[in-house]
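Participant: Here is what each chain is made of, one letter per residue.
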Amino acid sequence: MDGIPLLFKYTVPDKLYEKFWEGLKRGEIYTTKCKKCGTLYYPPRKDCEKCMSSDMEWVKLSNEGILMTYSVVKQKPQGFENYSDYTVGIARNSDGANLMCWVKGEAKVGKKVRLTTDGQRVICEVIE
Amino acid sequence: MNRKVAVIGVGNSKFGKRDDVTIKELAWESVKEALEDAGLTQKDIDITVIGSTAYRGTEIYPAPPVSEYCGLVGKSPIRVEAACATGSSAAFTAINLIASGLADIVLAIGVDKMTEVDTSTSLAIGGRGGNYYWEFHMYGTTFPTYYALYATRHMALFGTTEEDMALASVKAHKYATLNEKAHFRNKITVEDVLKSRVISWPIKLLDSSPISDGSATVIFASEEKVRELKIDTPIWVKGIGYSSDTSYIAARGEWVGLEAARDAAAKAYKMAKISPLDIEYATVHDCFTIAEIMAYEDLGFVEKGKGAELLREGQTEKDGKVAVNLFGGLKAKGHPLGATGLSMIYEVTKQLREEAGPVQHSFKRYLALTHNVGGTGHYAYVMIFNR
Ligand SMILES: [Zn+2]
Numbered sequence: 001m002d003g004i005p006l007l008f009k010y011t012v013p014d015k016l017y018e019k020f021w022e023g024l025k026r027g028e029i030y031t032t033k034c035k036k037c038g039t040l041y042y043p044p045r046k047d048c049e050k051c052m053s054s055d056m057e058w059v060k061l062s063n064e065g066i067l068m069t070y071s072v073v074k075q076k077p078q079g080f081e082n083y084s085d086y087t088v089g090i091a092r093n094s095d096g097a098n099l100m101c102w103v104k105g106e107a108k109v110g111k112k113v114r115l116t117t118d119g120q121r122v123i124c125e126v127i128e
Numbered sequence: 001m002n003r004k005v006a007v008i009g010v011g012n013s014k015f016g017k018r019d020d021v022t023i024k025e026l027a028w029e030s031v032k033e034a035l036e037d038a039g040l041t042q043k044d045i046d047i048t049v050i051g052s053t054a055y056r057g058t059e060i061y062p063a064p065p066v067s068e069y070c071g072l073v074g075k076s077p078i079r080v081e082a083a084c085a086t087g088s089s090a091a092f093t094a095i096n097l098i099a100s101g102l103a104d105i106v107l108a109i110g111v112d113k114m115t116e117v118d119t120s121t122s123l124a125i126g127g128r129g130g131n132y133y134w135e136f137h138m139y140g141t142t143f144p145t146y147y148a149l150y151a152t153r154h155m156a157l158f159g160t161t162e163e164d165m166a167l168a169s170v171k172a173h174k175y176a177t178l179n180e181k182a183h184f185r186n187k188i189t190v191e192d193v194l195k196s197r198v199i200s201w202p203i204k205l206l207d208s209s210p211i212s213d214g215s216a217t218v219i220f221a222s223e224e225k226v227r228e229l230k231i232d233t234p235i236w237v238k239g240i241g242y243s244s245d246t247s248y249i250a251a252r253g254e255w256v257g258l259e260a261a262r263d264a265a266a267k268a269y270k271m272a273k274i275s276p277l278d279i280e281y282a283t284v285h286d287c288f289t290i291a292e293i294m295a296y297e298d299l300g301f302v303e304k305g306k307g308a309e310l311l312r313e314g315q316t317e318k319d320g321k322v323a324v325n326l327f328g329g330l331k332a333k334g335h336p337l338g339a340t341g342l343s344m345i346y347e348v349t350k351q352l353r354e355e356a357g358p359v360q361h362s363f364k365r366y367l368a369l370t371h372n373v374g375g376t377g378h379y380a381y382v383m384i385f386n387r
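These protein sequences, in sequence, are chains L and U. Take the first sequence: its position 65, counted from the start at 1, is 65 in this note's numbering, and no numbers get skipped. Take the second sequence: its position 158, counted from the start at 1, is 158 in this note's numbering, and no numbers get skipped.
Derived by calculation from the structure, the hints in this document are not laboratory data. Among the clues, some could well be false.
Claimed, not checked - Part of the chain L face toward chain U, derived, beta carbon under 7 Å:
hint, residue
1, C48
2, C51
3, M52
4, S71
5, V72
6, K74
7, S84
8, V88
9, T116
10, T117
11, G119
12, R121
Positions of the beta carbon are idealized from the N, C-alpha and C atoms, including for glycine.
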């Protein structure tokens, strides 16, 4: 028999990393850097776990990178059923940040990529 | 450890799609078997530890109903969770309760009822097995995707192939035909694996462990109790290692092995004062076929990049250099998250007691290991046992 469904409705903070979400809308990727010890974080953080400071500044990441690995998602999870197949990748950019992304173009480990966004997420375009 | 700890009783339910029972009856199947195996009753148990991830079942707080059904009320169930390594975290907790002197006999139950939700919901829960904001929310990652990212890079750097990975699945299914508790008991071929539906390339359906229901129970006791109860073949805990890694998988910097597993293995070998090559039998966390290949490397059976070679040469078969997963692995026996780690201890105990029937490995030093990974290396437990 059917059990009683449990529907989770979430509210998530949107102000905390507003600069990141705003950047995505303009094709830019922002992250945070600790003003005290200089550690660059990606994803952005409110607090520096290395020196315990919370004095962080927003910096724009370079758009040059290399594709480290990838996977083509064929069986999609709840929330993504209406998307056609997408390729999830990890790109390392020239600042040394490792970014999860969706890959556009023909994915291959070690290829040069250009990092941009589609308004909602980081995209890496394979450079031919 | 302050006090020696032994396994004195083990039980394992039938794994599979168990829509004939709720989580309570499912837990009881292994609890009853373990109590009978140890020759004990519930009265003899000091404390109960229950490992369950629970999110895919209707009982999201499963410890009270399970302990009530199993006649363990008053034994203060401690519920633990470490994703796919939940069973080992239950064992870890139980062992520590005895080693510290707080308890003499501890019963650890691992149980999960994972098939109560549909697959798409299950994938969305698994996709959160990392970092919600920076992975699932934006990229729709599923749990297979995380391991697929490791597989793609392992293939690119070391020439590991999809055929190599398929061999792990073929081996698992071959041994599962001999395990009456296994989820799947059919033989498959490399071609079957390669032709199966792609889930998250390069991972295909037959590279993946199933979504299973099941329970496993292990009863641990102090050395004094082992003597007092005159246990015939106690299986001693010789070494324990644990570690963890970042939730955001991209932050790790390399994706060809699980740093947490390497670290946990090093700690366990050090405590047991043995080297990787002393291990005669290992149960490894083959949630996906690439995970078995990486496990050979992370456990030090071969150097990094050579895992597929060990598999191709048949060195991890019964009576090979180091036998691996002669029970059918997570791939074919099944992978009910909370139960898996304890189910590995069940299998290792059967082997070390020489009660493994058709899959009995021949031991010289009676040294065996369990390797249980939670998430994609978010947690790792390595435990070494001997007779
Ligand atoms: Zn800092």
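Participant: Check each numbered hint from earlier against the structure, then list the numbers of those it violates in ascending order.
Facilitator: Violated hints (numbers, rising): 1, 2, 3, 7, 9, 10, 11; every other hint is consistent with the structure.
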